[in-house]
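**Q** This is what each chain is made of:
There are 2 protein chains.
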Amino acid sequence: MQPAVLTIAGSDSSGGAGIQADLKTFAAHGCYGTSVITALTAQNTTGVQDVFPSSPEFVKKQIQSVVEDIDITAIKTGMLFDTDNCRAVAQALKQHYCSSTTAVSGSRSAFPPTICDPVCVSTSGHTLLHPDSVDIMISELFPMSTLITPNTQEASLILSHRNLEPSTKIDSLESMLIAARNLMTLGSEAVLLKGGHVTAKMADVDRLADSLCSEFEGSGNKENENSSGSNKCQVQVFREGLFGENMEILQAGYGGDLASTELVVDILIEKERTTTVFARPRIGSSSTHGTGCTLSAAIAANMAMGKTLVDAVRSATIYTHIGIGTASKIGHGHGPLNHLHALYQASVPQRTPSNPYPFTTLLIERSRDIWKAYVEHDFVKQLGKGTLREVCFVHFLKQDYKYLKYYARAYAILAAKSTSFTSIGSATQTIINVIEEIDTHKAFCAQFGVTEEELERTEESRATTAYGAWLLDMGLQGDRAKLLIALLACLLGYGEVGLWLKKQALRPESGVILDGNKYLRWIEDYSGEAYQEAVKTGLEIIEAQAAADPPSPSRFEDWCEVWKRGTTLEKRFWDMGLNLEY
Amino acid sequence: MQPAVLTIAGSDSSGGAGIQADLKTFAAHGCYGTSVITALTAQNTTGVQDVFPSSPEFVKKQIQSVVEDIDITAIKTGMLFDTDNCRAVAQALKQHYCSSTTAVSGSRSAFPPTICDPVCVSTSGHTLLHPDSVDIMISELFPMSTLITPNTQEASLILSHRNLEPSTKIDSLESMLIAARNLMTLGSEAVLLKGGHVTAKMADVDRLADSLCSEFEGSGNKENENSSGSNKCQVQVFREGLFGENMEILQAGYGGDLASTELVVDILIEKERTTTVFARPRIGSSSTHGTGCTLSAAIAANMAMGKTLVDAVRSATIYTHIGIGTASKIGHGHGPLNHLHALYQASVPQRTPSNPYPFTTLLIERSRDIWKAYVEHDFVKQLGKGTLREVCFVHFLKQDYKYLKYYARAYAILAAKSTSFTSIGSATQTIINVIEEIDTHKAFCAQFGVTEEELERTEESRATTAYGAWLLDMGLQGDRAKLLIALLACLLGYGEVGLWLKKQALRPESGVILDGNKYLRWIEDYSGEAYQEAVKTGLEIIEAQAAADPPSPSRFEDWCEVWKRGTTLEKRFWDMGLNLEY
Numbered sequence: 001m002q003p004a005v006l007t008i009a010g011s012d013s014s015g016g017a018g019i020q021a022d023l024k025t026f027a028a029h030g031c032y033g034t035s036v037i038t039a040l041t042a043q044n045t046t047g048v049q050d051v052f053p054s055s056p057e058f059v060k061k062q063i064q065s066v067v068e069d070i071d072i073t074a075i076k077t078g079m080l081f082d083t084d085n086c087r088a089v090a091q092a093l094k095q096h097y098c099s100s101t102t103a104v105s106g107s108r109s110a111f112p113p114t115i116c117d118p119v120c121v122s123t124s125g126h127t128l129l130h131p132d133s134v135d136i137m138i139s140e141l142f143p144m145s146t147l148i149t150p151n152t153q154e155a156s157l158i159l160s161h162r163n164l165e166p167s168t169k170i171d172s173l174e175s176m177l178i179a180a181r182n183l184m185t186l187g188s189e190a191v192l193l194k195g196g197h198v199t200a201k202m203a204d205v206d207r208l209a210d211s212l213c214s215e216f217e218g219s220g221n222k223e224n225e226n227s228s229g230s231n232k233c234q235v236q237v238f239r240e241g242l243f244g245e246n247m248e249i250l251q252a253g254y255g256g257d258l259a260s261t262e263l264v265v266d267i268l269i270e271k272e273r274t275t276t277v278f279a280r281p282r283i284g285s286s287s288t289h290g291t292g293c294t295l296s297a298a299i300a301a302n303m304a305m306g307k308t309l310v311d312a313v314r315s316a317t318i319y320t321h322i323g324i325g326t327a328s329k330i331g332h333g334h335g336p337l338n339h340l341h342a343l344y345q346a347s348v349p350q351r352t353p354s355n356p357y358p359f360t361t362l363l364i365e366r367s368r369d370i371w372k373a374y375v376e377h378d379f380v381k382q383l384g385k386g387t388l389r390e391v392c393f394v395h396f397l398k399q400d401y402k403y404l405k406y407y408a409r410a411y412a413i414l415a416a417k418s419t420s421f422t423s424i425g426s427a428t429q430t431i432i433n434v435i436e437e438i439d440t441h442k443a444f445c446a447q448f449g450v451t452e453e454e455l456e457r458t459e460e461s462r463a464t465t466a467y468g469a470w471l472l473d474m475g476l477q478g479d480r481a482k483l484l485i486a487l488l489a490c491l492l493g494y495g496e497v498g499l500w501l502k503k504q505a506l507r508p509e510s511g512v513i514l515d516g517n518k519y520l521r522w523i524e525d526y527s528g529e530a531y532q533e534a535v536k537t538g539l540e541i542i543e544a545q546a547a548a549d550p551p552s553p554s555r556f557e558d559w560c561e562v563w564k565r566g567t568t569l570e571k572r573f574w575d576m577g578l579n580l581e582y
Numbered sequence: 001m002q003p004a005v006l007t008i009a010g011s012d013s014s015g016g017a018g019i020q021a022d023l024k025t026f027a028a029h030g031c032y033g034t035s036v037i038t039a040l041t042a043q044n045t046t047g048v049q050d051v052f053p054s055s056p057e058f059v060k061k062q063i064q065s066v067v068e069d070i071d072i073t074a075i076k077t078g079m080l081f082d083t084d085n086c087r088a089v090a091q092a093l094k095q096h097y098c099s100s101t102t103a104v105s106g107s108r109s110a111f112p113p114t115i116c117d118p119v120c121v122s123t124s125g126h127t128l129l130h131p132d133s134v135d136i137m138i139s140e141l142f143p144m145s146t147l148i149t150p151n152t153q154e155a156s157l158i159l160s161h162r163n164l165e166p167s168t169k170i171d172s173l174e175s176m177l178i179a180a181r182n183l184m185t186l187g188s189e190a191v192l193l194k195g196g197h198v199t200a201k202m203a204d205v206d207r208l209a210d211s212l213c214s215e216f217e218g219s220g221n222k223e224n225e226n227s228s229g230s231n232k233c234q235v236q237v238f239r240e241g242l243f244g245e246n247m248e249i250l251q252a253g254y255g256g257d258l259a260s261t262e263l264v265v266d267i268l269i270e271k272e273r274t275t276t277v278f279a280r281p282r283i284g285s286s287s288t289h290g291t292g293c294t295l296s297a298a299i300a301a302n303m304a305m306g307k308t309l310v311d312a313v314r315s316a317t318i319y320t321h322i323g324i325g326t327a328s329k330i331g332h333g334h335g336p337l338n339h340l341h342a343l344y345q346a347s348v349p350q351r352t353p354s355n356p357y358p359f360t361t362l363l364i365e366r367s368r369d370i371w372k373a374y375v376e377h378d379f380v381k382q383l384g385k386g387t388l389r390e391v392c393f394v395h396f397l398k399q400d401y402k403y404l405k406y407y408a409r410a411y412a413i414l415a416a417k418s419t420s421f422t423s424i425g426s427a428t429q430t431i432i433n434v435i436e437e438i439d440t441h442k443a444f445c446a447q448f449g450v451t452e453e454e455l456e457r458t459e460e461s462r463a464t465t466a467y468g469a470w471l472l473d474m475g476l477q478g479d480r481a482k483l484l485i486a487l488l489a490c491l492l493g494y495g496e497v498g499l500w501l502k503k504q505a506l507r508p509e510s511g512v513i514l515d516g517n518k519y520l521r522w523i524e525d526y527s528g529e530a531y532q533e534a535v536k537t538g539l540e541i542i543e544a545q546a547a548a549d550p551p552s553p554s555r556f557e558d559w560c561e562v563w564k565r566g567t568t569l570e571k572r573f574w575d576m577g578l579n580l581e582y
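Going down the list, the protein sequences come from chains A and B. Each residue of the first sequence is one higher than the one before, starting from 1 at the first, in full-length UniProt numbering. Each residue of the second sequence is one higher than the one before, starting from 1 at the first, in full-length UniProt numbering.
Hints may be right or wrong, so weigh each one.
Put simply, identical chains are the same to the list, so a pair is met inside one copy or across any two.
Claimed, not checked - Simulated pairs of lysine-lysine, BS3-like, Cα-Cα distance not exceeding 25 Å:
| id | residue 1 | residue 2 |
| --- | --- | --- |
| 1 | K201 | K503 |
| 2 | K169 | K482 |
| 3 | K329 | K307 |
| 4 | K502 | K405 |
| 5 | K564 | K372 |
| 6 | K518 | K201 |
| 7 | K536 | K405 |
| 8 | K502 | K94 |
| 9 | K503 | K329 |
Rather than coming from a laboratory, the hints here were simulated on the basis of the structure. Just so it is clear, the structure is predicted and the values come from calculations on it, not from any experiment.
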């Protein structure tokens with residue numbers, strides 16, 4: 001189930017910022033994205049060419065359409081553009097979430113987690129919020145916000161509107177802290193002041209942490225810094241990608257000089273001055289278009305998934321950081337982040353009611369020709385027509401006897417690789433089935449004049465050894481899944497051959513006959529209920545395995561090769577039978 | 001590199017259709033999404049509440065901003081709303097792509113692959129294209145389109161505008177074929193007529209295929225139906241999730257009755273009447289909001305990635321089908337598809353310049369406490385201070401001798417599990433290194449009065465057996481990656497201990513000393529260049545492995561458990577040394 005998240009922001013035609021960045025970020029977090037557009041921009045990586053605002057009435061209508069139909073678990077607001085749209089957003093949200101009489105004032109608790117990114121000016125200098133709207137944003141939106149996420153420029157602008165310090169430029173961690181604390185007086189539950197424009201080193205972070213700790217020491221509230229995410233702490237410092245305690249070997253391997261590394265530092269203040277500092281290395285990159293939109297959207301997505309504010313901010317800063325670090329060059333100016341860095345495309349489609357076997361379907365489709373050559377082999381066709389030379393069938397039976405020993409041993413390896421009693425039991429049951437089959441096999445052989453002694457004495461053909469030893473190799477080389485796939489070509493193939501022959505028997509032109517066919521029992525064995533049940537069980541195991549532990553693209557390719565090899569070895573087994581090869 | 005795709009369409013606030021569906025679909029295909037908005041809608045799963053159109057000038061401006069900055073590899077158009085916006089789209093695209101004098105007429109070849117989804121009316125009955133705009137869409141947009149993707153209702157409307165058949169309802173595959181052929185006269189390069197509103201069974205598909213084949217037979221152009229995607233064919237039929245040739249076992253396992261299964265059939269016609277039929281089971285679902293938007297966006301994304309039109313349409317129909325089949329209920333009406341069904345979130349972040357070891361960082365962070373208990377064990381601290389009782393160190397040395405045998409054997413299993421000469425060689429080199437170390441080990445033991453004979457005679461402690469046998473079990477149970485992780489706690493831990501002790505020695509208050517410490521050589525061995533180089537190589541192998549074959553969430557959890565267990569067994573090894581346990 002994807003939690004639904006709402007962004008209320010501008011549209012960036014070039015896709016790197018605004019609701020586009022938000023929707024991509026929501027998708028990257030597995031959330032369902034909805035969006036209310038306050039203004040269209042004609043924009044690209046070089047700047048904002050023009051803005052086309054939505055009417056405040058239409059902003060309200062969009063909000064109503066979304067919140068009245070869909071259960072929204074987190075909201076973020078971005079570019080609101082002007083005073084009327086600011087008001088419209090606040091009114092529509094209050095109207096929906098505070099409709100009970102006790103909550104008319106718009107108390108925070110009535111809203112889903114709401115992240116207000118107070119977007120004012122674009123990186124390229126374009127006004128994204130009219131100056132006279134700042135006061136409305138502060139008075140109307142901040143009080144309903146779980147968190148506001150200004151950068152230092154926005155913080156200066158907001159603080160100056162309320163005659164709060166620092167009036168001068170915010171250019172150090174100390175002035176960031178003062179600014180963040182003063183922003184806390186403006187009504188939001190928490191403040192994240194983003195330090196992307198401030199230069200800092202590890203020594204600055206340590207100094208800030210020490211001064212924060214001594215403050216709390218003074219008030220008898222000291223807690224350890226850099227603790228592992230517990231929310232009891234008053235002061236926490238997260239150093240991301242900076243190789244903390246007991247990570248000397250990683251630092252040594254990386255080889256960088258920690259002390260001189262330029263850092264980006266964000267400061268989060270929650271109620272009662274609980275302070276969290278997020279430090280990470282600065283990445284020299286021009287792919288920073290939409291960084292702020294992305295961060296606030298990621299915080300909203302993480303909160304929608306139930307994370308605490310600190311964990312949500314921490315995850316979001318890491319997500320955004322990697323998005324910058326892995327971005328490809330797009331456009332001619334400040335390009336977008338890579339929003340999809342944490343996603344992989346599944347190699348196997350999800351199971352649906354109409355196809356419970358998507359993985360097996362893919363395997364067969366990927367090696368369709370060799371699979372067909374196996375299932376519709378001349379050996380099989382002649383067997384179906386009853387024209388197969390008995391000597392060939394007997395040769396096949398003898399070699400199959402040898403093969404079944406490998407097959408049973410491979411299942412023993414599978415049992416040894418299993419970690420639950422269910423899977424140990426299921427592999428073991430197959431061994432027992434094979435051993436019981438051996439008696440039938442012997443009786444069947446006797447029917448064709450082959451004694452038990454002759455069976456044992458038979459020289460093993462190359463095809464048998466190749467196939468059998470390959471199964472054992474798969475058991476040695478890989479994990480349980482790989483061995484299951486190696487064993488699949490035999491299990492499925494004989495089942496398919498059985499059903500295919502039975503279907504051919506319905507078409508007179510195929511020449512396949514059942515009545516009077518001396519190989520009828522063989523056909524009935526593999527098309528019969530018992531064997532087909534085993535096939536069904538095997539299919540279920542392999543599909544469940546592929547769904548529970550979806551393979552990466554490279555692992556999927558490896559699995560396809562294993563399947564193809566197994567199918568090929570099966571086909572060669574028929575060749576061997578037909579050509580009486582050793 | 002993500003190919004950039006542009007959608008020109010309306011905005012759906014509820015996120016299931018319009019540019020929102022398109023952006024999600026682009027993201028699901030790993031494409032970079034850009035979007036030009038022709039109109040905002042206040043919309044949810046129950047219907048369209050209102051529309052707020054963009055001005056045609058602003059539509060043009062958005063298109064210019066995108067195409068002049070970003071290299072667009074495919075375009076899709078959706079809801080265009082009115083005549084002026086239709087014209088604006090056509091003009092802006094022509095202006096950019098046909099600016100050379102030879103191409104003023106707007107010939108198709110000048111454009112990136114362009115998919116025109118001729119959205120006219122919403123499922124809920126809301127007008128999304130003014131009736132008087134249909135002619136403009138036909139005359140201006142169809143000629144620049146690689147493909148148009150009407151449903152049967154839209155096809156009827158479009159055909160009636162040009163007085164083309166069928167004038168009556170399109171309600172059979174035969175009438176669909178006539179409609180699709182007539183749509184081909186309107187200027188697009190290809191037509192995909194979507195049969196979501198037409199009821200069909202497998203017999204209908206077979207009849208259609210037969211009649212198509214006999215047409216081509218008549219004209220001497222017969223090609224096999226249902227061939228494996230070759231583009232040479234004149235007629236192709238894809239049966240998705242319908243268990244084709246040699247898939248009897250899947251059909252048997254599924255158990256459904258193929259003949260009575262209700263199908264959805266789409267018909268694609270390309271130049272010269274090359275016809276492809278896409279059939280799949282109909283899913284009974286109300287999660288169909290935005291199906292058309294999603295399909296055309298998926299076709300555009302697939303073409304952006306270089307697929308042929310047939311392959312792009314085939315992939316897109318499968319993607320959309322599974323999107324319906326796996327949708328969760330969102331909203332109170334016709335809910336959106338699951339756009340993210342083919343994505344999963346990576347458990348390990350991508351490697352970046354500032355953190356080349358994201359996987360190892362995560363492993364350490366996930367078991368931080370036990371890792372710290374291992375690295376900063378009392379045994380280690382006492383060893384660093386030189387206060388460790390010699391008898392404890394000797395006990396440790398003897399057991400380490402036993403352990404190294406297991407360690408070497410585990411690397412032998414690793415070699416046996418490797419498939420390249422590089423990885424076979426690297427594992428084998430480690431075995432050779434261990435065997436050479438054994439001599440140093442013996443000399444070191446002699447220094448503490450332990451003879452070689454005593455070393456061999458020593459009883460193996462439980463901690464040694466547990467750790468050693470566990471390593472071998474990991475080698476038996478899992479694949480190469482799992483064994484590598486099992487071996488990692490030892491390799492990294494001793495390196496970390498060496499560096500940690502050296503760092504402590506710089507802090508007088510730690511009590512750790514190097515000068516005159518009788519265990520100095522041990523410390524120097526593990527903090528020394530040779531061992532640290534081995535650590536660096538090991539880190540590189542494990543990170544490359546995790547990046548090349550990213551683990552699924554369940555596999556990642558399994559790996560974390562393996563790491564934690566290895567770390568715990570290391571910690572218990574120190575316990576054993578300190579407590580002189582057997």
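**Q** Hints numbered earlier in the text: which of these fail when held up against the supplied structure?
**A** 2, 4, 6, 8, 9
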